[in-house]
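A.B. asks: Protein sequence lines, in the order shown, are assigned to chains A and B. Counted from 1, the first sequence has number 145 at position 146 by numbering that gives the first Met the number 0; the numbering is strictly sequential. Counted from 1, the second sequence has number 51 at position 52 by numbering that gives the first Met the number 0; the numbering is strictly sequential.
It should be emphasised that the hints constitute simulated quantities derived from the structure, not laboratory data. Only a predicted model underlies this, so the values are computations on that prediction, with no experimental measurement involved. Virtual Cβ for every residue (Gly too), placed ideally from N, Cα, C. Be aware that a few hints might be false.
Stated by the list, open to error - Examples of chain A residues toward chain B, derived with CB under 7 Å: (1) D60; (2) V136; (3) K138; (4) S142.
Stated by the list, open to error - Ranges between beta-carbon positions, derived for each pair: (5) B:E44 <-> A:P134: 30 to 40 Å; (6) A:P27 <-> B:E54: 52 to 62 Å; (7) B:H94 <-> A:D28: 29 to 39 Å; (8) B:N75 <-> A:S99: 37 to 47 Å; (9) B:G67 <-> A:L162: 23 to 33 Å; (10) B:N75 <-> A:N86: 47 to 57 Å; (11) B:L109 <-> A:P134: 52 to 62 Å; (12) A:N90 <-> B:S90: 44 to 54 Å; (13) A:K69 <-> B:L83: 57 to 67 Å.
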Amino acid sequence: MNSHETESRILAIYLNSRGFGFAVLEGPDRLVDWGVVHVPGGNRRRTLSKLAVIANRYQPDHLVTGHPKKSPHRGVRVRHLLTAIINVASNKRIQRTGLSRAQVRRVFSKSRATTKRAIAMTIADHFPELEPRLPPVRKPWMSEDTRMAIFDAVALGLSLLLLHDL
Amino acid sequence: MATHYLTNYLRTYRKRLGLSEDEIAFLLECKSGAKVSRHEHFGREPSLRTALAYEAIFQVPVRELFAGIYQTVEQNTLKQIRTLSEKLQASDPPHPRHQRRRAQVEAALLTRLINIDHKHE
């Protein structure tokens with residue numbers, strides 16, 4: 000590889016009820032940025048504008064999200080947003096991919112991680128910088144920690160890298 | 000598929016250390032994190048002193064922290080080296096007194112060209 004170039008840059012987005020988690024990867028071993036963006040009320044326009052800011056900053060080659068048609072467990076709002084994000088990506092000429100939860104689980108099952116928590120722990124092992132963001136074990140009466148969206152986004156990014164051999 | 004580097008990777012290294020923009024600003028002897036934020040969001044290029052301070056904080060060479068800027072500077076410099084080398088070869092042969100110096104300059108330029116090309120392979 001030319002020293003002027005790095006591996007393809009991937010922007011992974013995981014939508015949830017409070018906004019979205021994102022991760023920017025340059026190859027499977029380099030996590031460039033990560034975070035959670037809160038969008039009060041789940042406003043669609045605000046979500047898309049915040050996403051556009053991140054996409055403009057990092058100029059990704061690939062955008063990966065959950066699959067809008069293979070995510071029956073996701074709410075109508077999230078599924079519509081996923082479709083809108085895919086449209087935005089195609090306008091910006093970014094290659095986009097939707098991965099289902101089953102595809103992500105299949106990738107991580109090779110390292111014996113099948114639950115969300117186990118996948119998050121595998122990711123924290125791989126990227127020690129994420130370890131402080133690992134939420135505590137979730138009890139049945141607790142709602143999901145917002146920080147989990149970061150791990151879901153990284154899982155999407157890594158799955159894309161492994162499945163498509165980028 | 001390969002892509003070009005980002006202008007800088009300050010945000011990546013800061014987050015790896017778990018420091019806030021204000022904390023980095025304190026280390027850089029700045030008033031607030033706004034300046035750090037502008038550097039991280041590619042809004043402004045830091046001065047040489049600040050860039051070296053970033054290297055001291057993150058323990059990462061400046062050329063890696065500012066990979067995108069380094070890439071542009073290196074490409075431009077390479078172009079200039081080639082131009083100067085061609086100019087020297089095309090010019091009249093120097094006075095015998097200056098021949099040794101000319102040979103030295105040409106050899107130095109050639110070494111840099113070979114080093115840079117070798118790195119890109």
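A.B. asks: Hint says 52 to 62 Å; check whether the CB-CB distance for B:L109 and A:P134 agrees.
C.D. replies: Once the Cβ atoms are compared, 58 Å apart, the range 52 to 62 Å for A:P134 and B:L109 holds.
A.B. asks: Is the interface hint for A:D60 satisfied, with its Cβ closer than 7 Å to some Cβ of chain B?
C.D. replies: 5 Å, holds
A.B. asks: For the range 47 to 57 Å, tell me whether the beta carbons of B:N75 and A:N86 fit it or not.
C.D. replies: Since B:N75 and A:N86 have Cβ atoms about 38 Å apart, the given range 47 to 57 Å is violated.
A.B. asks: Given a cut of 7 Å on the nearest C-beta pair, is the interface hint for A:K138 held or broken against chain B?
C.D. replies: 27 Å, violated
A.B. asks: Could you check the hint for me, namely that A:K69 and B:L83 are 57 to 67 Å apart, CB to CB?
C.D. replies: Because 59 Å falls inside the window, the suggested range holds.
A.B. asks: Take a look at whether the Cβ-Cβ distance between A:P27 and B:E54 falls inside 52 to 62 Å.
C.D. replies: At roughly 27 Å between Cβ atoms, B:E54 and A:P27 fall outside 52 to 62 Å, so the hint is violated.
A.B. asks: Per the hint of 44 to 54 Å, is the separation of the Cβ atoms of A:N90 and B:S90 within bounds?
C.D. replies: 53 Å, holds
A.B. asks: Assuming the hint says 30 to 40 Å, is it satisfied by the Cβ distance from B:E44 to A:P134 or not?
C.D. replies: 37 Å, holds
A.B. asks: Does the interface hint hold: is A:S142 within less than 7 Å of chain B, judged Cβ to Cβ?
C.D. replies: 26 Å, violated
A.B. asks: Quick check on a hinted range of 29 to 39 Å for B:H94 and A:D28, using CB atoms only.
C.D. replies: Between B:H94 and A:D28, where Cβ atoms are some 56 Å apart, the hint is violated.
A.B. asks: Grab the minimum C-beta distance from A:V136 to chain B and call the hint holds if it beats 7 Å, violated otherwise.
C.D. replies: 22 Å, violated
A.B. asks: Evaluate the given range 37 to 47 Å for the C-beta pair formed by B:N75 and A:S99.
C.D. replies: 46 Å, holds
In summary, the numbered hints that this structure violates are 2, 3, 4, 6, 7, 10.
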